[in-house]
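J.: All chains should be modelled from the sequences, with the hints used to inform the complete structure.
From first to last, the protein sequence lines stand for chains G and R.
Residue numbers 71 to 478, in our numbering, belong to the letters of the first sequence in order.
Residue numbers 71 to 478, in our numbering, belong to the letters of the second sequence in order.
Careful, some of the hints might be misleading.
Same chains, same names: a pair is fine if it fits in one copy or spans any two.
[Unchecked claim] Calculated pairs, DSS-like style, for lysine-lysine (alpha carbon to alpha carbon, straight line, at most 27 Å):
1. K380 x K94
2. K88 x K388
3. K104 x K290
4. K460 x K94
5. K104 x K157
Simulated from the structure, these hints should not be mistaken for laboratory data.
Listed below, chain by chain, are the residues.
Protein chains: 2
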Amino acid sequence: MTTIVMKFGGTSVATPEKILGVAKRAIREKEQGKRVVIVVSAMGKTTDALLGLASDISQEPPKREMDMLLATGEQVTISLLAMAFKKLGHDALSFTGWQAGIETESVPRNARIETIHTKRLEDALDSGLFCVVAGFQGVDRSGNITTLGRGGSDTTAVALAAALKAEKCEIYTDVDGVYTSDPRYVTGARKLEQISYDEMLELANLGAGVLHPRAVEFAKNNLVPLSVRASYSDEPGTTIQEVITVEKNLIVRGVAFEPDIARITVSYSKPFNGSLANIFTTLAQHLIDVDIIVQSISDEFPPSVSFSIKEDSLEEAKRVLSEARGHIGFTAMDVETGLAKVSIVGSGMVSNPGVAARMFDILRGQDVPVKMVSTSEIKISVVVPSDTMKRSANALHDAYGLTPATVQ
Amino acid sequence: MTTIVMKFGGTSVATPEKILGVAKRAIREKEQGKRVVIVVSAMGKTTDALLGLASDISQEPPKREMDMLLATGEQVTISLLAMAFKKLGHDALSFTGWQAGIETESVPRNARIETIHTKRLEDALDSGLFCVVAGFQGVDRSGNITTLGRGGSDTTAVALAAALKAEKCEIYTDVDGVYTSDPRYVTGARKLEQISYDEMLELANLGAGVLHPRAVEFAKNNLVPLSVRASYSDEPGTTIQEVITVEKNLIVRGVAFEPDIARITVSYSKPFNGSLANIFTTLAQHLIDVDIIVQSISDEFPPSVSFSIKEDSLEEAKRVLSEARGHIGFTAMDVETGLAKVSIVGSGMVSNPGVAARMFDILRGQDVPVKMVSTSEIKISVVVPSDTMKRSANALHDAYGLTPATVQ
Numbered sequence: 071m072t073t074i075v076m077k078f079g080g081t082s083v084a085t086p087e088k089i090l091g092v093a094k095r096a097i098r099e100k101e102q103g104k105r106v107v108i109v110v111s112a113m114g115k116t117t118d119a120l121l122g123l124a125s126d127i128s129q130e131p132p133k134r135e136m137d138m139l140l141a142t143g144e145q146v147t148i149s150l151l152a153m154a155f156k157k158l159g160h161d162a163l164s165f166t167g168w169q170a171g172i173e174t175e176s177v178p179r180n181a182r183i184e185t186i187h188t189k190r191l192e193d194a195l196d197s198g199l200f201c202v203v204a205g206f207q208g209v210d211r212s213g214n215i216t217t218l219g220r221g222g223s224d225t226t227a228v229a230l231a232a233a234l235k236a237e238k239c240e241i242y243t244d245v246d247g248v249y250t251s252d253p254r255y256v257t258g259a260r261k262l263e264q265i266s267y268d269e270m271l272e273l274a275n276l277g278a279g280v281l282h283p284r285a286v287e288f289a290k291n292n293l294v295p296l297s298v299r300a301s302y303s304d305e306p307g308t309t310i311q312e313v314i315t316v317e318k319n320l321i322v323r324g325v326a327f328e329p330d331i332a333r334i335t336v337s338y339s340k341p342f343n344g345s346l347a348n349i350f351t352t353l354a355q356h357l358i359d360v361d362i363i364v365q366s367i368s369d370e371f372p373p374s375v376s377f378s379i380k381e382d383s384l385e386e387a388k389r390v391l392s393e394a395r396g397h398i399g400f401t402a403m404d405v406e407t408g409l410a411k412v413s414i415v416g417s418g419m420v421s422n423p424g425v426a427a428r429m430f431d432i433l434r435g436q437d438v439p440v441k442m443v444s445t446s447e448i449k450i451s452v453v454v455p456s457d458t459m460k461r462s463a464n465a466l467h468d469a470y471g472l473t474p475a476t477v478q
Numbered sequence: 071m072t073t074i075v076m077k078f079g080g081t082s083v084a085t086p087e088k089i090l091g092v093a094k095r096a097i098r099e100k101e102q103g104k105r106v107v108i109v110v111s112a113m114g115k116t117t118d119a120l121l122g123l124a125s126d127i128s129q130e131p132p133k134r135e136m137d138m139l140l141a142t143g144e145q146v147t148i149s150l151l152a153m154a155f156k157k158l159g160h161d162a163l164s165f166t167g168w169q170a171g172i173e174t175e176s177v178p179r180n181a182r183i184e185t186i187h188t189k190r191l192e193d194a195l196d197s198g199l200f201c202v203v204a205g206f207q208g209v210d211r212s213g214n215i216t217t218l219g220r221g222g223s224d225t226t227a228v229a230l231a232a233a234l235k236a237e238k239c240e241i242y243t244d245v246d247g248v249y250t251s252d253p254r255y256v257t258g259a260r261k262l263e264q265i266s267y268d269e270m271l272e273l274a275n276l277g278a279g280v281l282h283p284r285a286v287e288f289a290k291n292n293l294v295p296l297s298v299r300a301s302y303s304d305e306p307g308t309t310i311q312e313v314i315t316v317e318k319n320l321i322v323r324g325v326a327f328e329p330d331i332a333r334i335t336v337s338y339s340k341p342f343n344g345s346l347a348n349i350f351t352t353l354a355q356h357l358i359d360v361d362i363i364v365q366s367i368s369d370e371f372p373p374s375v376s377f378s379i380k381e382d383s384l385e386e387a388k389r390v391l392s393e394a395r396g397h398i399g400f401t402a403m404d405v406e407t408g409l410a411k412v413s414i415v416g417s418g419m420v421s422n423p424g425v426a427a428r429m430f431d432i433l434r435g436q437d438v439p440v441k442m443v444s445t446s447e448i449k450i451s452v453v454v455p456s457d458t459m460k461r462s463a464n465a466l467h468d469a470y471g472l473t474p475a476t477v478q
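T.: Set out below in structure tokens:
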């Protein structure tokens with residue numbers, strides 16, 4: 071008998087009616103002869119309400135206690151969903167993270183799952199029960215409740231699917247799958263039937279937003295077949311797996327983009343290797359995420375390094391770098407704002423030389439100046455002026471054959 | 071170093087400000103060199119909100135899942151209180167029921183505590199931490215979250231005090247102690263400095279309401295010194311302990327009363343012992359609480375039994391008894407409503423003959439007809455017409471010397 075893990079996010083369980091709907095959906099799967107595990111998040115805005123309570127007490131609450139507080143959100147949902155199954159004539163058992171045997175590191179607010187002791191879940195599934203598991207939470211070896219950080223419920227679902235050797239893990243959400251690009255900006259954007267883990271990982275990291283990168287990474291490492299589909303319809307969604315069986319001919323699988331990027335360029339008087347480490351250590355200590363890094367050293371110009379960050383981190387980045395100026399040893403700092411990042415992703419790139427050249431050619435055809443470039447085996451990102459982001463994304467989407475013929 | 075357990079109910083932790091106030095109060099105890107455990111209930115109306123959510127899903131939710139749901143209420147409070155300690159510069163750890171080692175029977179919604187594994191709490195106390203424990207909840211041997219039923223947080227506090235061999239257990243509430251009677255009805259009612267477990271048990275069972283009978287029973291069985299005091303003032307409150315050191319001369323320690331009582335009288339055609347068991351088994355199966363039971367069998371009249379119940383259970387009691395009429399075997403059922411129960415409580419009664427006679431004499435002096443009587447070693451209860459309840463209580467309070475001379 072095969073096992074399936076279904077995960078429903080906060081908006082899909084926001085009201086008692088929606089919770090009953092989730093139960094009905096899971097019952098349909100069971101009636102097809104499957105063992106069903108359901109992973110749920112906190113209802114709607116519950117987490118925000120809990121964060122509000124904490125901030126009324128303290129601006130810097132202890133992280134362990136934040137985990138204790140936030141874990142109640144999913145606990146409410148699992149109990150209500152188990153009640154919903156009973157109401158519909160089916161037996162279910164709810165499980166908190168610790169009851170489901172989800173053991174994590176002792177890192178409050180951002181713990182990684184170490185082991186899952188599946189005995190209780192296996193026993194319940196063997197007895198024919200629906201298992202309803204609280205996402206986002208676990209327990210460390212000392213018995214402290216931990217939470218898994220952003221995207222934690224996705225990670226719970228994938229980890230359970232791996233531990234229970236499930237046939238697949240379905241992520242139900244408020245979009246109906248993974249798209250070639252964001253339909254709000256790109257006219258020809260369309261839903262993908264399939265995508266590889268690596269491509270999804272790049273898209274997830276680039277802010278496509280439907281799935282958390284940690285969950286995708288976990289699925290890839292354990293070869294868990296994932297799918298992303300709508301909680302409001304029966305459409306099949308997008309399947310994420312190691313080997314793609316269709317659309318092989320596509321070099322580029324998607325176009326992602328992100329506005330509100332700033333670039334900082336720091337110059338030194340002489341090529342002093344320590345400076346580079348000092349800059350990024352300083353930024354990391356202040357939890358400022360750096361994305362693209364470009365260093366250029368030549369004999370003609372003083373050495374410099376450029377890097378991109380989110381615009382809302384810019385003021386703090388400038389402040390902490392200026393404060394550490396003597397320590398870092400730089401001579402000048404330039405800042406450029408009003409930038410955006412546009413990326414093309416596809417595992418076909420690695421075997422197709424000239425993809426980058428073609429990308430730059432397309433952008434030149436659109437009069438888009440390229441400010442920074444970053445490449446990986448399956449991704450090329452460029453930083454461009456914000457006002458060219460939409461134009462660039464549409465041009466790339468069309469040129470790489472992602473737009474259906476009828477739209478283009 | 072002595073340990074103290076402090077318990078704060080829902081109204082005492084209803085807002086972040088009140089939670090900070092609870093922390094301040096506990097810090098004062100620690101500064102006097104004590105190890106401090108704080109037991110808390112769910113904030114204000116949280117439990118009602120959770121019950122509302124459940125009833126939106128199902129009118130008969132599974133009890134195990136109700137426990138899962140309700141237990142989140144206290145978990146929110148403990149995390150916030152631990153944050154409040156940190157905010158005030160002190161270290162604390164919060165503990166859910168299972169983390170505090172509170173092991174219960176597998177009886178959802180009404181579990182009794184079986185064992186407390188105190189190691190984690192002892193370790194935290196030894197490290198100089200405040201221990202903040204969720205009241206009302208525990209875990210059974212299979213790892214299911216259970217709740218302790220009404221008054222559960224009081225029971226948690228007393229059980230922890232016993233397990234940790236605490237110097238005392240303080241119940242902070244919205245009244246400043248145990249009174250000789252209800253001041254809203256009895257002019258001369260005053261706060262008692264001390265009261266024995268047995269007296270408190272009778273008063274608690276009679277609806278004095280400040281402490282749950284199960285908690286008092288637990289305290290009595292383990293000789294835990296209890297006190298009831300106000301969360302809003304520094305007054306010492308009332309101490310509840312085995313041996314009373316003052317006010318020895320008082321035969322009666324308190325006058326309790328309860329309105330909205332109904333009496334049902336059932337007559338049989340012949341003295342058939344099975345009928346008696348059948349009546350009360352039928353009522354118990356429908357969870358109808360029966361209080362006073364009086365049976366009279368004589369040669370002159372047909373045998374009958376009278377019993378008192380709360381008026382709001384009357385319709386259901388009449389219905390289930392009528393339905394079971396053939397099975398029970400009764401000939402007639404009479405009902406009287408508009409009654410109240412008035413009781414005098416005091417451990418001095420057992421060694422003072424004639425207390426009952428005096429009580430009836432006092433009531434006769436007030437023209438109060440006595441409908442039913444029930445006695446224990448330290449309590450006499452009478453059922454009287456509702457409109458004589460207040461008059462009866464005041465007369466008894468005065469006559470037994472409970473009213474201070476200046477008031478009387």
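J.: If a hint holds in the structure, say so; if it doesn't, say that too.
T.: Do the hints match the structure? See the list:
1. K380 x K94: The answer is neither: 42 Å in one copy and 41 Å across copies each exceed 27 Å.
2. K88 x K388: Neither: 46 Å inside a chain and 40 Å across chains, both beyond 27 Å.
3. K104 x K290: This pair counts as within: shortest intra-copy Cα distance 23 Å, inter-copy 53 Å.
4. K460 x K94: neither (40 Å within a copy, 56 Å between copies)
5. K104 x K157: within (20 Å within a copy, 50 Å between copies)
In terms of the numbered hints stated before, the structure departs from hints 1, 2, 4, listed from lowest to highest.
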